[in-house]
Amino acid sequence: MDKALLKCKSVEKINDQLYCLKEVQSINRYLIIGSSHALLFDTGYGYLDFKDQIKEITSLPVYVVNSHGHPDHGLGDYLFKDVYIHVNDYYQLLSFDNDSDMKLHTIKYRYKKVPELEKYIDEKQYIKPKNLAHTKFHFVKDHDKFNLGNLTLEVLEIPGHTYGSIALFCPEKGWLFTGDSICFYNVYYQMGLQLQAPWKVYVRSLNRLLAMKTQISELYPAHGQKPIPLSAAEETRDAIFDLIDNHQNDKVVKTITSDAYAHYYKHTLILYNDEMVEEALRNGLKD
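Residue numbers are given in numbering that gives the first Met the number 0: position 274 of the sequence shown equals residue 273, and the series is strictly consecutive.
There could be a bad hint or two in this list.
[What the hints assert, rightly or not] Pairs of lysine to aspartate or glutamate residues, derived as DMTMM-like cross-links and limited to a Cα-Cα distance of at most 25 Å, are as follows:
hint, residue 1, residue 2
1, K172, E11
2, K144, D98
3, K129, D51
4, K107, E117
5, K50, D141
6, K127, D141
7, K253, D98
8, K129, D100
9, K144, D241
10, K140, E122
11, K140, D81
12, K112, D48
13, K172, D15
14, K118, E55
15, K253, E115
16, K199, E153
17, K54, D121
18, K112, E11
19, K6, E55
20, K199, D241
21, K80, E55
22, K6, E115
23, K12, D48
24, K285, D141
25, K212, D237
26, K12, E153
27, K285, D244
28, K111, E122
29, K212, E171
30, K111, D237
31, K12, E217
32, K135, E117
33, K80, D121
34, K199, E233
35, K50, D81
36, K225, D15
37, K225, D237
38, K199, D141
No lab work stands behind these hints, which were simulated from the structure alone. Predicted model, so just to flag it, every value in this text is computed and none were measured.
Produce the entire structure from the sequences given, and follow the hints as far as they go.
Written out as structure tokens, the structure is:
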């Protein structure tokens, strides 16, 4: 594969049972290999077909699971016959799929960062609405399990970043795949309460994962460095509390979706809007 294409889609072998299929140098799509099945966690934007990379790694049947319904995690679902997602994010994902202007906006944004993408993408086909019409979706819920033979992946509902956000936990290895909910990267939280849960709910989800600290060895996020320690969950939680106490001087920055306030705390950057702060000030962060 030439160097230009590698900037659009690349493969990193983490170990014999775990690969990262990176898209446009930004999205971490994880392929977990068991003895009888494999599982792909997130399909990314799906700017380019990457099934060839999966086939080079494994010939096993592959479960495809979305961490949540945002475009950079689920629009690539059109490449697969069957996909698993939480019902709370299903319709949000479909609305993104039907938004040709949004799709084109993401492409133009990515061209600025990875200009090589323009050489390979079929832009006209990609921005068509209803690309997901031929994908059959199945809904997951808390504690559902995917049996890969010698590995198990358990669904953990962690609403916050979206109402349907999930993590996958592998008890045999202690791996926790967190999507966008925990990462040493940008935590996007400026889409409003219709699409994102109050911070009290997010804090509850982070506390749930922190309660599993004796079982978790490594966290694998959808963006940024990997793996990261479980302390990242504690840091994200602390960042929210710090934001509420110290947000008055936060500056507005431009993001791929909209302008947002930026709050920095250690390794964590939370991007947010007034609605989220006002709700948290009214209702608090603790149950």
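Status of each hint after checking the structure:
1. Proximity of K172 to E11 is assessed by CA-CA distance (about 19 Å); at most 25 Å being required, the pair is judged to hold.
2. Between the alpha carbons of K144 and D98 the distance comes to roughly 32 Å, so the proposed pair goes past 25 Å and is violated.
3. About 23 Å separates the Cα atoms of K129 and D51, which keeps this hinted pair within 25 Å; it holds.
4. Of the pairs offered as hints, the one joining K107 and E117 holds, with about 9 Å between alpha carbons and a cut-off of 25 Å not exceeded.
5. Straight-line distance between C-alpha atoms of K50 and D141 comes to about 28 Å, which puts the hinted pair past the 25 Å bound.
6. As the CA atoms of K127 and D141 are separated by approximately 33 Å, the hinted pair breaks the 25 Å bound.
7. Taking the CA atoms of K253 and D98, the gap is about 21 Å. The hint holds against a cut of 25 Å.
8. Taking the CA atoms of K129 and D100, the gap is near 13 Å; set against the 25 Å cutoff, the hint holds.
9. A C-alpha spacing of about 35 Å is found between K144 and D241, which places the hinted pair above 25 Å, so the restraint is violated.
10. For the given pair, K140 sits about 35 Å from E122 by alpha-carbon distance, which is inconsistent with the 25 Å threshold.
11. Restraint check for K140 and D81: satisfied, since their Cα atoms lie roughly 16 Å apart, inside the 25 Å limit.
12. Between K112 and D48 the alpha-carbon distance is near 20 Å, which keeps this suggested pair within the 25 Å criterion.
13. Note on K172 and D15: the hinted pairing holds, with a Cα-Cα distance of about 12 Å set against a maximum of 25 Å.
14. Note on K118 and E55: the hinted pairing holds, with a Cα-Cα distance of about 23 Å set against a maximum of 25 Å.
15. Taking the CA atoms of K253 and E115, the gap is about 23 Å. The hint holds against a cut of 25 Å.
16. Pair hint K199 plus E153 holds up; C-alpha atoms about 24 Å apart against a cutoff of 25 Å.
17. At most 25 Å may separate the alpha-carbon atoms for a hinted pair to count; K54 and D121 meet this at roughly 22 Å.
18. Restraint check for K112 and E11: satisfied, since their Cα atoms lie roughly 20 Å apart, inside the 25 Å limit.
19. Taken as a hint, the K6 and E55 pair is honoured in the structure, with Cα atoms around 18 Å apart against an allowance of 25 Å.
20. Restraint check: the Cα-Cα separation between K199 and D241 comes to about 14 Å, which is no more than 25 Å; the hinted pair holds.
21. At roughly 19 Å between alpha-carbon atoms, K80 and E55 fall within 25 Å of each other, so this suggested pair holds.
22. In summary, the hint linking K6 to E115 is supported, as the alpha carbons are separated by about 7 Å, within the 25 Å threshold.
23. Taking the CA atoms of K12 and D48, the gap is near 19 Å; set against the 25 Å cutoff, the hint holds.
24. This hinted pair checks out: K285 and D141 have alpha carbons roughly 22 Å apart, not beyond 25 Å.
25. Taken as a hint, the K212 and D237 pair is honoured in the structure, with Cα atoms around 16 Å apart against an allowance of 25 Å.
26. With a C-alpha separation of about 22 Å, the suggested pairing of K12 with E153 holds against the 25 Å cut-off.
27. At roughly 14 Å between alpha-carbon atoms, K285 and D244 fall within 25 Å of each other, so this suggested pair holds.
28. The straight-line distance between the Cα atoms of K111 and E122 is roughly 15 Å, inside the 25 Å bound, and the hint therefore holds.
29. Only pairs whose Cα atoms come within 25 Å are accepted, and K212 paired with E171 is accepted, the gap being roughly 14 Å.
30. With a C-alpha separation of about 33 Å, the suggested pairing of K111 with D237 is violated against the 25 Å cut-off.
31. Simply put, K12 and E217 have alpha-carbon atoms about 16 Å apart, close enough for the 25 Å limit, and the pair holds.
32. In summary, the hint linking K135 to E117 is not supported, as the alpha carbons are separated by about 29 Å, beyond the 25 Å threshold.
33. Distance restraint check for K80 and D121: the Cα-Cα separation of roughly 20 Å lies within the 25 Å cut-off, and the hinted pair is therefore satisfied.
34. Between K199 and E233 the alpha-carbon distance is near 14 Å, which keeps this suggested pair within the 25 Å criterion.
35. The hinted pair formed by K50 and D81 meets the criterion: a straight-line CA distance of about 14 Å does not exceed 25 Å.
36. Restraint check for K225 and D15: the C-alpha separation of about 16 Å stays at or below 25 Å, so the hint holds.
37. Restraint check for K225 and D237: the C-alpha separation of about 21 Å stays at or below 25 Å, so the hint holds.
38. About 19 Å separates the Cα atoms of K199 and D141, which keeps this hinted pair within 25 Å; it holds.
Going through the hint list in order, the structure does not satisfy hints 2, 5, 6, 9, 10, 30, 32.
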